[in-house]
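Peer 1: Can you build the whole structure from these sequences, using the hints too?
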Amino acid sequence: MSDQELAGADFESLTERGRLAVEAGRLDEAASWYDAALVWAERQGDGEARDRAYCNRATLAIELGDGEAYLNELRRILMRGMKAANGFRAAYALARSYELKKDRGKAQFYARIAREHAELAGSAQWRAWARNLNGNLLLAGSFFADAAREYEEALVLEPAAAGVWRALIEENLGYCRVVQGRRADGFALLYRALRTLRRLGARRYEIHPRLSLCYAHLEAARYRDAERNGRAALTAAAVNDDREGRKMALYLLGETAKLAGDPARARSWFRELQVEHYPESGYLPDLLLAIDVRQLVNLKA
Amino acid sequence: LLLQHRIRRTATLPNATAPPQQVQLVGRQLRRLRQDCGLSREELAARLGLQPADVARLEHGDHRLSLALLCRLVAELGAKAESLRAASAPPRADDDDGPAVKVLRRAPHARERR
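Note that the protein sequences, when read in sequence, are chains A and B.
Start counting the first sequence at 1; every next residue gets the next number (the numbering used here).
Start counting the second sequence at 1; every next residue gets the next number (the numbering used here).
What the hints contain is simulated information worked out from the structure, not anything from laboratory work.
Quantities reported herein were computed from a predicted structural model and do not represent experimental measurements.
There's no promise every hint is true.
As the list claims (entries may be wrong) - Across the chosen pairs, the derived CB separations fall in these ranges:
1. A:Lys106 / B:Ala53: 17 to 23 Å
2. A:Glu116 / B:Gly49: 23 to 29 Å
3. A:Gly201 / B:Gln35: 51 to 57 Å
4. A:Glu16 / B:Ala46: 29 to 35 Å
5. B:His60 / A:Met79: 37 to 43 Å
Claimed, not checked - Residues of chain B clear of chain A, computed beta-carbon distances all greater than 10 Å:
6. Arg28
7. Arg32
8. Asp36
9. Cys37
10. Gly38
11. Leu39
12. Ser40
13. Arg41
14. Glu43
15. Arg57
16. Arg64
17. Ser66
18. Ala68
19. Ala75
Positions of the beta carbon are idealized from the N, C-alpha and C atoms, including for glycine.
Peer 2: And the structure:
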């Protein structure tokens, strides 16, 4: 964005454009809007807007796997504690960062702060996000019943209009339900989430319901549907350069082929998984062919 | 507060959905292998970066791992089992072991990336 364009813009519209781009899954575009909002706030000398823009940009960088450089400043924003709103944003971003690094202890610490700030700010949507975040941490720890309760609370709080985020919460809850053996509920939630994401054009996030649906169909012994969703997840992972998603898709496709009675194809998927992700674990294809580890693996851990 | 949170979560465990028989079977096999390897739950948990309670839940069939952690578990137990078997004379027959244990016993000495 040129200086002239920036001068003619206002902070709220730049931020809103960034938010819409995030919802649509256009994260690179969102980064440029948030960068512009940050420059705008710094030029205006508006500290509160600057912190808000910084938190938005940092959250995005964290999602893109490039957030390490932002963490210290996020902590400073949190410590300044001028506004509950920026406190929430900073704590949420920090919690999300540690969640992605699988450091549950620190993630829980910041998630609790985020929830307190959300309560303080009186925002139902932020309370929903905080619930969802806590649900994610419980889910990663395989506390499926507790996680499901958090997601249910989040859905009550989250306005129906917030389509993408609601769909992502439904997807999380749907996975919990399948793991808990409540497949009908799980399928309903997962397909609803997928339909919403497709309707809103948020293709980037489709990989999540696709992976969960692959697993759900696998549990229901519907191998064709499982393979269809697994392949869709694999394609989505390639489009978004999502290494973690590709890993799970390869594993699930291997399980699908194995249970469908095609060990040669299963070996091929497992071999691909091992070579790409666990090069030092040459035994993995044999292990996965010999043992059904579905009940030991948490797709969201 | 974190400790309180942990206690609260632990307190919910008895209400968790009862794990299917197959899961319990795999959990029991894991426990047996861990015990064969002479590892306490605390030791195995420390090697995997887990809480001992997580290992207990895994062996009971109500905890699940990421694929990466599952590989590390196999590498840890497999390597330990191999070293124990190599040290024993004559080599221990494992015909009575379940399939999980057999394959885990064949797992190489490979170390997962940290």
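Peer 1: If a hint holds in the structure, say so; if it does not, say that too.
Peer 2: The hints, checked one at a time:
Here the CB-CB span from Lys106 (chain A) to Ala53 (chain B) is close to 19 Å, well matched to the stated 17 to 23 Å. The hinted window of 23 to 29 Å between Glu116 (chain A) and Gly49 (chain B) holds, with their beta carbons roughly 28 Å apart. Between Gly201 (chain A) and Gln35 (chain B) the beta carbons are some 53 Å apart, a value that agrees with the proposed interval 51 to 57 Å. For Glu16 (chain A) and Ala46 (chain B), the Cβ-Cβ distance of about 48 Å falls outside the hinted range of 29 to 35 Å, so the restraint is violated.
A beta carbon spacing of about 41 Å between His60 (chain B) and Met79 (chain A) agrees with the range 37 to 43 Å that was offered as a hint. Separation of Arg28 (chain B) from chain A is adequate, the least Cβ-Cβ distance of about 13 Å exceeding the 10 Å criterion. The beta carbon of Arg32 (chain B) is kept farther than 10 Å from every beta carbon of chain A, the shortest such distance being approximately 14 Å. Taking the minimum C-beta to C-beta distance to chain A, about 17 Å, the non-interface status of Asp36 (chain B) holds against the 10 Å cut.
Cys37 (chain B), annotated as away from the interface, keeps every beta carbon of chain A farther than 10 Å; the closest lies near 17 Å. The claim that Gly38 (chain B) is not at the interface with chain A holds, since no C-beta of that chain comes within 10 Å of its own (minimum 22 Å). For Leu39 (chain B), the condition that its CB be more than 10 Å from all CB atoms of chain A holds, with the nearest at approximately 18 Å. Distance to chain A confirms Ser40 (chain B) as a non-interface residue, since its nearest Cβ pair spans about 20 Å, more than 10 Å.
Listed as a non-interface residue, Arg41 (chain B) keeps its Cβ farther than 10 Å from every Cβ of chain A; the least gap is roughly 16 Å. With 10 Å as the threshold on Cβ separation, the claim that Glu43 (chain B) sits away from chain A holds: the shortest Cβ distance comes to roughly 20 Å. Not every CB of chain A lies more than 10 Å from the CB of Arg57 (chain B), the least distance being 7 Å, so the non-interface label is violated. A beta-carbon of chain A comes within 10 Å of the beta-carbon of Arg64 (chain B); the shortest separation is about 4 Å.
With 10 Å as the threshold on Cβ separation, the claim that Ser66 (chain B) sits away from chain A is violated: the shortest Cβ distance comes to roughly 4 Å. With a least beta-carbon separation of about 8 Å from chain A, Ala68 (chain B) fails to lie farther than 10 Å from that chain, contradicting its non-interface assignment. Distance check for Ala75 (chain B) against chain A: the nearest CB is about 7 Å away, which does not clear 10 Å, and the non-interface claim fails.
Of the numbered hints stated above, those contradicted by the structure are hints 4, 15, 16, 17, 18, 19, listed in ascending order.
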